[in-house]
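Engineer: Sequence:
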Amino acid sequence: MDVVIVESPAKAKTINKYLGRDYKVLASFGHVRDLPAKDGSVLPDEDFAMSWQVDGPSSKRLSDIAKAVKEADGLVLATDPDREGEAISWHVLEVLRQKRALKDKPVRRVVFNAITKKAVLDAMANPRDIDVPLVDAYLARRALDYLVGFTLSPVLWRKLPGARSAGRVQSVALRLVCDREAEIERFVRQDYWQIAASLTTPRQEGFEARLTAFDGKKLQKLDIDSQEQADTIRTMLEAASFTVANVEAKPTRRNPAPPFTTSTLQQAASSRMGFSASRTMQVAQRLYEGLEVDGETTGLITYMRTDGVQIAPEAIDAARGAIADTFGASYVPDKPRVYSAKAKNAQEAHEAIRPTDFSRTPDQMRKMLDNDQARLYELVWKRAIASQMNAAEIERTTVEIEARADGRTAGLRAVGSVVKFDGFLAAYVDRRDEDSEDEENRRLPEINAGESVARDKIDVTKHTTEPPPRYSEASLIKKMEELGIGRPSTYAATLKTLEDRGYVEIDKRRLVPEAKGRLVIAFLESFFERYVEYDFTAALEEKLDRISDGKLAWKDVLREFWRDFSAAVADIKELRVTEVLDALNEELAPLVFPAREDGGEPRACPRCDNGQLSLKLGRYGAFVGCSNYPECGYTRQLGDGVDGNGDATGDNGDKALGVDPYTEEAIALKSGRFGPYVQRGDGKEAKRSSLPKGWAPDTIDLERALALLSLPRDVGQHPETQKMISAGIGRYGPFLLHDGTYANLESVEDVFSVGINRAVTVLAEKQAKGGARRGAATVLKDLGEHPDGGGKVTVRDGRYGPYANFGKVNATLPKGKDPAGVTIEEAVALIAERAGKAKSGGAKKTTKAKKPAAGKTGAKTKKTAKTGGQSDAS
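Numbered by our numbering, the letters in the sequence shown go through residues 1 to 874 in order.
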């Protein structure tokens, strides 16, 4: 029996069915080792020695694999057919050698591009060795990513607090997004006018022609730049006679696009279905690994991480047969279509993404798949089938029309297209054609040269030039592919990292750089420009590809890179923060100092007479502040606009209130689904506080926001118990809390002003009315950690007397036992005895009587403490 290693349990289950009893298929669950996220994992001074670490779950799986291999006749490594798959096989093999599980047993490497019985059995019949150059390329890429991230990120943390990380591909992708945003900010809108004539042929058929020339001059898009000029031309055309000067009908052929690669699939899924790149890959992974069809689990598409566009000959034959059956023989070309990759540095040697069986049409598969799977499968099937269909035959007609009036002339043009034979368009219309000059949807009537046409009306429309659009995930992936940045397996992860780091946000499917992201890129462009250059990054990718082809030694590439990179990092470490801020003030001027509504000087402090605004760096990031600090405390968040009074105005109606003087985090007034609130910092860990009843948003300033965010407030120690009294605002309004007892305060303002004497009196009055919390379990003694771990052991005073507690287990103390004298050993023994009884069903009656009360009280205590509410304070 041989042991077969694949990545996922889903693949393992399917492939085990194909191979039968002579094989045992085990899953590695992806990568089994990685570089630890700490200094020293890659050592340039020791010839780039790399220290690999196996995490807990992987360690157990590797032990299981080693045990199975020791009992087996041989090992088959059947991980994915790309660089990452090759690396996983290499890692597994290295670990098994270290565990001495292999001895002299044969090791084979097999790859298959689809999880079908035929593909798997064919692969098993044609094994090979580990592809060493492909592993070397993986090692070089992993070392480079580590060295850039773990060398550059600490520099960012020191020189640019609040920045999360930098990365070899991640930072260049972020630069693309930020450069586009800067281009949009620099864009100057321009008005222009377009003129079109609605005309009628002698056969009373209407069509539209657009103005292309006036008085012998060809007009470009922006040449008519005033209403006066447009009105002059309209007056002339309204008095003109129109004659058809020329009609040209030109047949054209449009060929289909190649089948999907990883990037083109992500682009199409984004534009057609609104899928993110990561969502597309998740759904495609499921289709690749297989679903049950006709009682057998089988893969529905080929491997989905590829930049190859070729299709296997047998698959082409199957596609041609499916085309004939579905669309007819006229749609099958005389010869199969052969494609070659156009993407820069395309190097993955597998097929394009296609169905494993073209006879499984989308309509047939829809009932077996969920909605996302069905839609993506249909997209893959249609694109792949269209790639082998006949070209579309289109007749493109151009009509030139001459207008004359009072010695003046104008030229107009009408364009239309007629699809004579739809060809591949019957299966798939590519979105690339949206901006094409061919206009399939506009058909022209019969128009003959030399004949006169009548004017119905002249339309003059005003337009304004628009800045280039922000990148979508799809268009950014397309741009990265064009530049040769990143690889199919990295696109989705790179975009996810940018979003997780808070460097970009996705708004209406467009990537908008956050202020933090703009800051990081400005820093890198100012001081590490070479390492965020598009050409440099693409050239490095090309070297990695040459490593995978066996044409370069991977450590030579690392040495060359590290020599220059480490020197650049050493230089930047000597920079003073003021030098960094000066460079960023200049680089990010439109973002840091936006134009004021009143036209005032953007860098002038709106609060004091002679202060100048500048970037400031705090512990949690950058903000804008006055040079006269601390005399002038004016601040605003980076990226906020300013009104006529110089007050900050954030996005989405947020109002920047300033910066916390202690934590240096930005504080803002926001509006949420439950009303207005103040927030300190960003992200999930940000501190928030809702506005109390009666506090209007327009009355909130930095001082009031700080007061709210400081709650609960310690009033002082109770003179009798020496325990702290705190004041806060909860679900039922303002309150005091002392040793589990809540008491209401009369107003919100009391929370910030009540003193210790008044607090003690209010609590005493509450106690006199029976205000102690019912069932509160007070901790009498903390005995420390349980010897077996898992949490603390305590002695508590509950509703039914003292008891020992560990996690969810409560054990009543023996009658007469002094709680203060309980030892950790006694408590552990009582807890173990109680846990044993509960497990065996003993003391069932007692449990029913006591546990719900104690449990309910405990849950209530925990919730109340967290929210600051007063469940019994009313």
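Take these hints with a grain of salt, some might be off.
[To be verified] Derived DSS-like pairs (lysine-lysine); straight-line CA-CA distance at most 30 angstroms: (1) Lys38 to Lys573; (2) Lys543 to Lys555; (3) Lys70 to Lys60; (4) Lys17 to Lys118; (5) Lys60 to Lys103; (6) Lys382 to Lys367; (7) Lys221 to Lys159; (8) Lys723 to Lys616; (9) Lys24 to Lys118.
No lab work stands behind these hints, which were simulated from the structure alone.
Engineer: Hint by hint, say whether it matches the structure.
Structural biologist: Okay, the hints, checked on the actual structure:
1. Lys38 to Lys573: holds, 20 angstroms
2. Lys543 to Lys555: Distance of about 11 angstroms is within 30 angstroms: holds.
3. Lys70 to Lys60: holds, 15 angstroms
4. Lys17 to Lys118: Given that 30 angstroms is the threshold and the Cα spacing comes to 12 angstroms, the pair holds.
5. Lys60 to Lys103: Roughly 21 angstroms separates the two Cα atoms, so the pair holds.
6. Lys382 to Lys367: Satisfied, since the Cα-Cα distance of roughly 18 angstroms is no more than 30 angstroms.
7. Lys221 to Lys159: violated, 47 angstroms
8. Lys723 to Lys616: violated, 41 angstroms
9. Lys24 to Lys118: The given pair, whose Cα atoms are some 18 angstroms apart, holds under the 30 angstroms limit.
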